[in-house]
Amino acid sequence: MKTFPIGGVHPSDNKQWSKGSAIEVMELPDVVNIPLAQHIGAPATAIVKKGDTVVVGQKIAEATGFMSANIHAPISGTVTAVDMQPNGQGLRQMMITIKREGDEWSEAIDRTDTLVTECNLEPKAIIEKIKEAGIVGMGGATFPTHVKLSIPDGKKAEILIINGVECEPYLTSDYRTMLERGEQLVAGTRILMRAIGVTNAVIGVEANKPDAVKHLKSIIGSAADIKVQMLKTQYPQGGEKQLIAAVTGRQVPAPPALPIDVGAVVCNASTAVAVYEAVQKNKPLIERVITVTGSAVAQPKNLLTRFGTPIEALIAKCGGLAEGDVKVINGGPMMGRALSNIAMPAMKGCSGITIMVGDAAKRGVESACIKCAKCVEACPMGLEPYLLSKQARKKAWDAMEANDITSCIECGCCQFTCPANIPLLDYVRLGKQTVMGIIRARNMKK
Amino acid sequence: MNTLIYTILTLCIIGVVAAVVLYFVAQKFKVEEDPRIDETEKMLPGANCGGCGFPGCRGLATALVESDDISALYCSVGGDECMGKIAAYLGKEAPKKEPAVATVRCGGTCEKRPRTNSYDGATSCAIASALYVGETGCAYGCLGYGDCVAACAFDAIHINPQTGLAEVDADKCTACGACVAACPKGIIELRKRWPKNRAIYVSCVSKDKGAVTMKACKAGCIGCRKCEKVCEFGAITVENNLAFIDSTKCRLCRKCVAECPTGAIKMIGLAPLVKKEEVKEEK
Amino acid sequence: MANKFFVSPAPHVHSDYSTARLMGDVVIALLPALMVSIRVFGWNVLAITAVSIASCVLLEFLVQKYLVKGPVTVNNLSAVVTGLLLAMNLPANIPLWIVVIGAVVAICVAKMPFGGLGKNIFNPALAARVFLLIAYPVQMTSFPAPTMDGFVDAYSGATPLGAAKAGLVDFASFDAPGMFVGAMGGSFGEISALALLLGFVYLLMRRVISWHTPVAILGTMALFATIFAGIHFEEPSMHLLFPLFHILAGGALLGAIFMATDYVTSPMTTKGMVIYGIGIGAITMCIRLWGAYPEGMSFAILIMNSVVPLINKYVKPKRFGARK
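Protein chains in written order, with this note's numbering: chain V, 11 to 456; chain P, 1390 to 1672; chain R, 700 to 1023.
Please keep in mind that the hints were generated in silico from the structure rather than gathered at the bench.
All values derive from a computational prediction rather than experimental measurement.
Heads up, a few of these hints could be off.
What the hints assert, rightly or not - Not everything, but these chain V residues come out facing chain P in the computed CB check (under 7 Å):
#, residue
1, 99
2, 100
3, 350
4, 372
5, 433
6, 436
7, 446
8, 450
9, 454
Claimed, not checked - One-sided excerpt, in silico: chain P residues whose CB lies under 7 Å from chain R:
#, residue
10, 1395
11, 1397
12, 1509
13, 1512
14, 1518
Glycine included, C-beta positions come from ideal geometry on N, C-alpha and C.
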């Protein structure tokens, strides 16, 4: 079975808890906080003010420049504040607060279930619609989709890869989307192919989801343009570079090279569904499927949630937090961010909430490095995490740059595998951020 | 006997050949350097703390010797005395600076600033601060994982386990600025050093609104401007909900300390002001 | 609320690897070889092993507690592995006081002065063995003859390698199947190839070590021996028997599987492991064929241990996306 060329680990996927529960619609919240920074790039600029009334799907914040994304009202009601509010990490960010009144939708949105596969729009018009709908990568990186689809001059896309791998343990939101919204996913895939001008696409799915593979294959039928590729269950199979390598055999060179340099464009499965809705139904990105799961969650669920809904409401819906030591993670356990504030609103990049309890909420005790080389073996980018983390502790930034720290994808394989429980990635990430800052400053000088 | 002679002879020849080779190599790779750099380096404290902005004392010594105007170069560890000596030796005008001391501007002790969560990552302020606000509700306060302690070459700053805050040992502090650069929250400031290490400063850097600050910490500056009004020397300014005392204008009159409702203005080495009347009488 | 929230950077899950588990697996992998030795040399073997392990653990405990005054980490089982490996590198009739001296060298000279686990340059068990070999050559090289019924005929056995060195062995008649299961003289851990290979399979299955180092060592030795045999022996049967003899005899398997793969003193990359293995194999064969000692595994590993930092510095793993 196809997989990426180097490294990788095999964490227990623990998807059994939530994979069986069909997507459920989460109740509408009474008040939502909508952060203006839900994507990579410049935060959007608010275009509503206190006292304005809004309807579902109305644009409330406009992209600030090209590398940014629009934001739309997920509920109808009155804007009560445009102010700083704490995010999941407790940092105060600009957010638009809306108090809900009913559930009134913008008239432009087609809310029917009819499947519209026909799309005759020009590529430019498709990308413009996607931009208007505020779609960003929904796998977690939240890279604005219209930027990804705008192929730079001189480059040519050859293949579209739809990322249905969901290698992150615990999470099942993409899995449920593939099972329940497969037709929309395939239609969205064809729209994306048209937008970037390619004639073939591959949907990559990890081997632990054979029913999703079967379902998608049955939808595609005999059509030759889209292929469903089953990939080995191995983390980080869904990393953009790993996925491209697994599917096409081509390796994206070290940064600043991008996937397009090997002719590939990768989009998440949920993003493809969102693209379908935006282009065919005029529906902007206002909701997504969020998995709430964990060993101690009473009823793990996949919830179709409007953005801005507090995370604690989602947790309460699934049975609430167990008493004692907990760690609430925005995302999965390998790359998700631990929250210090569970009142945080659900956002575009939030694919799941993972709850760890008891000893699993805490890290093991660090001991001495025994130079077992397991981190080097596990690194999917062929780096030497033990060395990089040592250099970061010594603040040897030049040496880190020479050892290709900028290639690190922060997947966490090194720290996952380390028998001595050394916080390798903590230091490697610090070093990467510092070195990237140094490189940016150097480029600015030039 | 022959063996002995041959051995000694061979060794001697090897030695001579090696010496000759070494001599020529040394000649070829010799670096011409101003001998004054060595002398200047000897006059510097030799702590290699990096406080001057150069990687070590030799870097500063080279810069001192090579540049004509040395007014921008300063070794805060050696102070005016050391710089005067070097300037005299080099025949240049000595740069002068007022003595300073590192000041930790956070009063959020464990008591005043309740913990809302438990940090479980690597023990480093830089890593914790890149991740989130920290273990309390305050996004500006001291994290207490000791990046400043690790940066200090003079053993002058420590984390007090009782308060969870960094504390400066003013007698050991050389104002090199290493801790200022190391603190990801920008809490540490180099302030004017008064005699007997006396000081008055705002022990808070929170720019949050008063209500938000108050919720997170009982010792924070809420930007109420009472201190600004009471200051007779125009030393206090309030910007972004945060008071700042300009140490060059402050005369240590202590009125602001008495006025501050949260105790965010701290003083060191001074007796508290008892009554306002007494101060007026003194004048 | 009765919740205590924990916050840390990702990742939030951990594999089931721990230092103690990995070390424990090494101990388990050595058990078959130990059992064969007990069967062949008698209960003395167990006494030596017990004394060696106990002294190593005790010494590490004492050094950590009273000299370094740091945390005591003997529960990570690394001292147990050192003790066990040291014991298995000794003859079965060694006086126990020499075992204790070996433990002192292993822990108090080769390991702790460098900073303890993870920081030593040389494999502690091997450093101790080589020290004993030089300090007590008589006791270290008089091996009891193996007897399968538990009877030990002391001071009469010679190792196959020693015999070969002295020109006493008739290669054509050497007992390959016997050597494979353990009927040969030598340090008590090295005699049974079968038991050692069983341990190797276990270590590979548990993903404790990778195959690169052992295969590189044994491959190099076999290649070296084949070329040597091709030049020096007329009869074609020797071209096969000679390499086989060198892999089965002496400490080749014990060294390749258990000593050279010691985490701390071996390279960090697979490419590095192969270079390291080739170095060990080549040096071992040079010592065996042309050196003063009949056996060269220990010296070869120690010599290559000293090169490991250099290998780690210059041999980098292949980066993802690197141009070929």
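Each hint tested on the structure:
At about 3 Å, the closest approach between the beta carbon of residue 99 (chain V) and any beta carbon in chain P falls short of 7 Å, and the interface hint on this residue holds. Taken as an interface hint, residue 100 (chain V) checks out: its beta carbon lies about 3 Å from the nearest beta carbon of chain P, inside 7 Å. Hint status for residue 350 (chain V) relative to chain P: holds, with the closest Cβ pair at about 5 Å, below 7 Å. The closest approach between the C-beta of residue 372 (chain V) and any C-beta of chain P is roughly 6 Å, which is under the 7 Å cut-off, so the hint is satisfied.
This hint holds: residue 433 (chain V) has a C-beta 4 Å from the nearest C-beta of chain P, less than the 7 Å allowed. Using the Cβ-Cβ criterion of 7 Å, the hint placing residue 436 (chain V) at the interface with chain P is satisfied: the shortest such distance is roughly 4 Å. Using the Cβ-Cβ criterion of 7 Å, the hint placing residue 446 (chain V) at the interface with chain P is not satisfied: the shortest such distance is roughly 12 Å. Here the hint on residue 450 (chain V) is broken, as its CB sits about 16 Å from the closest CB of chain P, past 7 Å.
Taking 7 Å as the C-beta contact cut-off toward chain P, the hint placing residue 454 (chain V) at the interface is violated, the least distance being around 20 Å. Interface restraint check for residue 1395 (chain P): the shortest CB-CB distance to chain R comes to about 24 Å, outside 7 Å, so the restraint is violated. Annotation: interface hint on residue 1397 (chain P) violated; nearest CB of chain R at approximately 27 Å, more than 7 Å. Taking 7 Å as the C-beta cut-off, the interface hint given for residue 1509 (chain P) holds, the closest approach to chain R being about 4 Å.
Checking residue 1512 (chain P) against chain R by beta carbon gives a least distance of about 11 Å; that is not within 7 Å, so the hint is violated. Given the 7 Å rule on beta carbons, the hint for residue 1518 (chain P) is violated: about 11 Å separates it from the nearest Cβ of chain R.
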